[in-house]
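Asker: Please build the complete structure, drawing on both the sequences and the hints.
One-letter residues, chain by chain:
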Amino acid sequence: MAAIPIFMKTASFLKPQHLVPIRNLNLRAKLIVEGMIAGLHKSPFHGFSSEFLEYRHYLPGEAASKIDWRKFAKTDRTMVKLFEDETNLYAHILIDKSASMGFASANRMSKFEYACTLGASYAWILIRQRDAVGVASFDEDISLFLPPKSTNTQLKNIIGSLDNLKPAAPTNFGKALDMMARGLRKRGLCVVISDLFDDPQNIIHGLRHLRFKKQDIIVIWLLDPFEQQIDKSVTYHFHDLETGKTVALDGKTASSFYLNGLNEHRNAVKRACRELQIDLESVSTDEPFQKALLRILKKRSRLF
Amino acid sequence: MNDISFFRPEFFWALSFIGIIIILHFLRRPKTVRMDFSSLRFFHNDAVRSNRTRKIRKILQLLTRLSIVALLISLFAAPYKNNDPSGSLHNPQCNVYCWVDPTMSMEYRQDQTSLGQKAHNLLDSLNRYLPASSRLFMYDHNNKKFNLKRNEFEQFKSSYKPLDMDNLFETVLSDIDFSSEQSLLVLFSDFQEPVTDKTDSLLKILPGQFTAICVPLTPHLPWNYSLKDVHLANEEKVQGTVCANGRDLAKGKLFCEIGNMRTETTLLDIKKNECVNTQLRISSKGNLGGGKVVLDIDDPLQFDNVSFFAPQRQQNHRVLIVGNRQKNSVIASALNVSDKRWNPVVLKDELDVTYTDLDSADIIIINSVSGISKQMDAFMAAYSGKEKAMIYALDNNGRTVQASQSGNFALLNKVFKDVSSGKSVRLPTPLTLVLPDTISDLWKGFPRMRSEEVAVYGYYNGIPGETLLHLGNGSGFMSQIKDRSSRNWIILSTPVGITEDNNLCETGFFVPFIDRICRYGIAMSSRSDNSILTGMPYRNPFYNSEISASVFDSDNRLILTLQNQSSVVFDQPGIYKIAPEGKKPYYLTVTIDPEESILSYRSPDTLKNSVNMSPDKLLSALNSRQSSFFWFLPWIILFCLIVLEVLLWERKRA
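Same order as they appear, the protein sequences are chains V and E. All residue numbers for the first sequence refer to the numbering used here, where the first residue is 1 and numbers rise by one. All residue numbers for the second sequence refer to the numbering used here, where the first residue is 1001 and numbers rise by one.
Heads up, a few of these hints could be off.
Within a straight-line C-alpha distance of at most 27 Å, the following computed DSSO-like cross-link-like pairs (lysine-lysine) qualify [stated by the list, open to error]:
{"no.": "1", "chain 1": "E", "residue 1": "K1145", "chain 2": "E", "residue 2": "K1198"}
{"no.": "2", "chain 1": "E", "residue 1": "K1253", "chain 2": "E", "residue 2": "K1271"}
{"no.": "3", "chain 1": "E", "residue 1": "K1204", "chain 2": "E", "residue 2": "K1608"}
{"no.": "4", "chain 1": "V", "residue 1": "K252", "chain 2": "E", "residue 2": "K1031"}
{"no.": "5", "chain 1": "E", "residue 1": "K1058", "chain 2": "V", "residue 2": "K232"}
{"no.": "6", "chain 1": "V", "residue 1": "K232", "chain 2": "E", "residue 2": "K1055"}
{"no.": "7", "chain 1": "E", "residue 1": "K1271", "chain 2": "E", "residue 2": "K1237"}
{"no.": "8", "chain 1": "E", "residue 1": "K1058", "chain 2": "E", "residue 2": "K1031"}
{"no.": "9", "chain 1": "E", "residue 1": "K1577", "chain 2": "E", "residue 2": "K1161"}
{"no.": "10", "chain 1": "E", "residue 1": "K1423", "chain 2": "E", "residue 2": "K1327"}
{"no.": "11", "chain 1": "E", "residue 1": "K1055", "chain 2": "V", "residue 2": "K252"}
{"no.": "12", "chain 1": "E", "residue 1": "K1237", "chain 2": "V", "residue 2": "K252"}
{"no.": "13", "chain 1": "E", "residue 1": "K1055", "chain 2": "V", "residue 2": "K245"}
{"no.": "14", "chain 1": "E", "residue 1": "K1204", "chain 2": "E", "residue 2": "K1144"}
{"no.": "15", "chain 1": "E", "residue 1": "K1482", "chain 2": "E", "residue 2": "K1149"}
{"no.": "16", "chain 1": "V", "residue 1": "K232", "chain 2": "E", "residue 2": "K1031"}
{"no.": "17", "chain 1": "V", "residue 1": "K245", "chain 2": "E", "residue 2": "K1031"}
{"no.": "18", "chain 1": "E", "residue 1": "K1374", "chain 2": "E", "residue 2": "K1482"}
Treat the hints as calculated values from the structure; they're not laboratory data.
Answerer: Written out as structure tokens, the structure is:
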């Protein structure tokens, strides 16, 4: 295990570049989460899990084992005792592992690494709250799926799985989220971490399907700082990581067209998210993890 | 582009800025980075097209900037057209040489101002508007050189002299530096035909790239009344011709003045472009010293409204006999005894004769010469007048013909070409002379048509021209011909004087014959004995005669003494009294060249190496250089380039 640099302990927020030398995702997540203020995330369901909820009448055809015989003994009525779920929350963390997520500028952490670190940290927080967390990664398809569980083993599994992932293949956001939605039975929370470099209609289609499955959705739109501000003083020969195409553009043209396109894209996604009541958070890969996490957790607190 | 030059070409050093701009352009070019990028979805075809457009725009911007700098430098270098001398007027280093036609025709008054004065006014404008560092020179007709023009108003002073551009030619060639483009010759004249002809000659000898500006001051619809050919018709009447050019003459008063007394006045009505001969009565009791006839009418040109006359007088004619002096002595004797007017008669060997001898003679007899001397040939090459009588006797053995045709001094080739077609004839039996008549002016008074006593043994057969006297066999003995320079020649087919070829000098035919051919020669020549032109050299009739004469003007003031000068010049028109020592005085009329009153103009448009600029055009060229499109064009281009440059700027989008 690599030694923890001193500046990490003193810094109020750990910047992503400080974590680049730490290859161990588990350690990264631990550093991030333990550095945060404890108890900031107050679960609205805490203390109520496995608790009695109410009685209802037994319905014919139901299993006789569900009848509360004690209540029958007291009241001579066949009642069924209802309980809260065993866990507070079913959360799915969906991480985009398309080739575009492998982009990193100026020796920064790549979007994929950032997404994995952010996802692992969030999973850590949730599992510590005994929420069930699952992880899925997708590109054109779902390539990894761990169903939600609230055990410590699940956290190990999540971190281990994310560690083994490598960004590749083009994105098909709609198709991947479609497939994901089909497998969901319970309402829960979906945290989608992606650069959203796909057709807006495709993205909206996938999100809509998830929303249909009664999922609360947080979309973390992860962008490299370069992707938000292209240097105009340079002429570029761009090579597309997903399609392999190349194009030569001067900085001004590239910046102008890219920013225009990105703004349009952002507006389309934002509009759809507002309609679908989805939280959209833009996160830059040079933003400290804690800061990004706090923003997400605050959103959650507002939500409930 | 060869047509464009620059006043300040040193500014082109600044073109190195163009190099700096190019270097800066390439230095500022952004570096190229190869990058794996997450998505090119936002860089669609428009971006590529836009990128290409931007590249073209940048190239255009560079070219525009270079053009702006080049154009600005060109403007600072002050371009002008080579073939537009008016551009040179704005050259700060330009030397402008001006010549104003000084002849009397420039006194033509239009709008109360003479043409000459207009020329001077233009010169003042020129002096005022020329760049401060350029210099304006004006031709001084008296000192025959260009002087720097002073900044003061100058009155036009015409000269009575005929047009003399030869001195201008010499001065122009010596004073103007043709190698630089900073010299400009400006000619102000009314451009009468002779002026235009001579200007043409001048411009032809100037170097090819040199262009002069001709400013024609030719009057619009010129008109003039003139008086000419005034002379005494007889002792009681004076005769003259009055012409009305361009306009009708109505009630023109013509009178004659002798001394201070007006003799007769007459009124004239003449139609447009017609001339009328008129006579005025004079009362010449006693000695008539001459007088003047005045046409009293208002017209633009006044100098030709006065004409002088003086009584004709018998005048001596100087005879020069060139050739063997011994053989020619009989000719001199014959002239001396025949008439007193042949005085002096000078005998000169062809090798001893001088240019002055030839030039001062009224009659030149070339007889018994062994060849043509250099002096004679040079004289014949230079002399083109019609005032002299030239008598040339050929040698029957053809020696003179041969000599005349050989070498560089081929006199006869210059005189006529077909003499060589003739041949020498030697006769065993002599021929007599046959006169064509005895009543014509030439042969009037001769007793017989055939002179039996004359025997001709040898002659040159085939003399050219109109035969005046025949030999017995019909061959020509004497003929008259004009050479290609329109000089009159009398050609004899055999020598006169002492010779083996004939016995002419031993006969009674000889003296009247010699006298008559000299008279005929004088009559053929167009000289007028007692009327000369102002400014033209007048041959001194007393040259080499050891006689001196006093010359008095009309106020009886002594103005000069004629001694041994070959010629004198009279500057003022009028009547002059010549009083030779011990002889009766006589009178000369000195008049202004009548050609000056001929309103015949030829525009200098077609002249080579010249630009014709009317006074208005010259003034507008001086006043506003901006009027020329050539001046505007670079500024228009510069403006367009700056606009283009601004349009090419990239605007920051909000």
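Asker: State for each hint whether it applies.
Answerer: Structure-based check of all given hints:
1. E:K1145 with E:K1198: 18 Å, holds
2. E:K1253 with E:K1271: 15 Å, holds
3. E:K1204 with E:K1608: Measuring from Cα to Cα gives roughly 7 Å; hence the hint holds.
4. V:K252 with E:K1031: 13 Å, holds
5. E:K1058 with V:K232: Holds - the C-alpha atoms of K232 (chain V) and K1058 (chain E) are around 15 Å apart, at most 27 Å.
6. V:K232 with E:K1055: Holds, at roughly 14 Å.
7. E:K1271 with E:K1237: 24 Å, holds
8. E:K1058 with E:K1031: Satisfied, since the Cα-Cα distance of roughly 15 Å is no more than 27 Å.
9. E:K1577 with E:K1161: 20 Å, holds
10. E:K1423 with E:K1327: Holds, at roughly 23 Å.
11. E:K1055 with V:K252: Roughly 11 Å separates the two Cα atoms, so the pair holds.
12. E:K1237 with V:K252: Roughly 107 Å between the alpha carbons, so the hint for K1237 (chain E) and K252 (chain V) is violated.
13. E:K1055 with V:K245: 21 Å, holds
14. E:K1204 with E:K1144: Roughly 21 Å separates the two Cα atoms, so the pair holds.
15. E:K1482 with E:K1149: 48 Å, violated
16. V:K232 with E:K1031: Holds: K232 (chain V) and K1031 (chain E) sit about 11 Å apart, inside 27 Å.
17. V:K245 with E:K1031: 21 Å, holds
18. E:K1374 with E:K1482: Holds - the C-alpha atoms of K1482 (chain E) and K1374 (chain E) are around 22 Å apart, at most 27 Å.
Taken one by one, the earlier hints fail for this structure at numbers 12 and 15, listed in ascending order.
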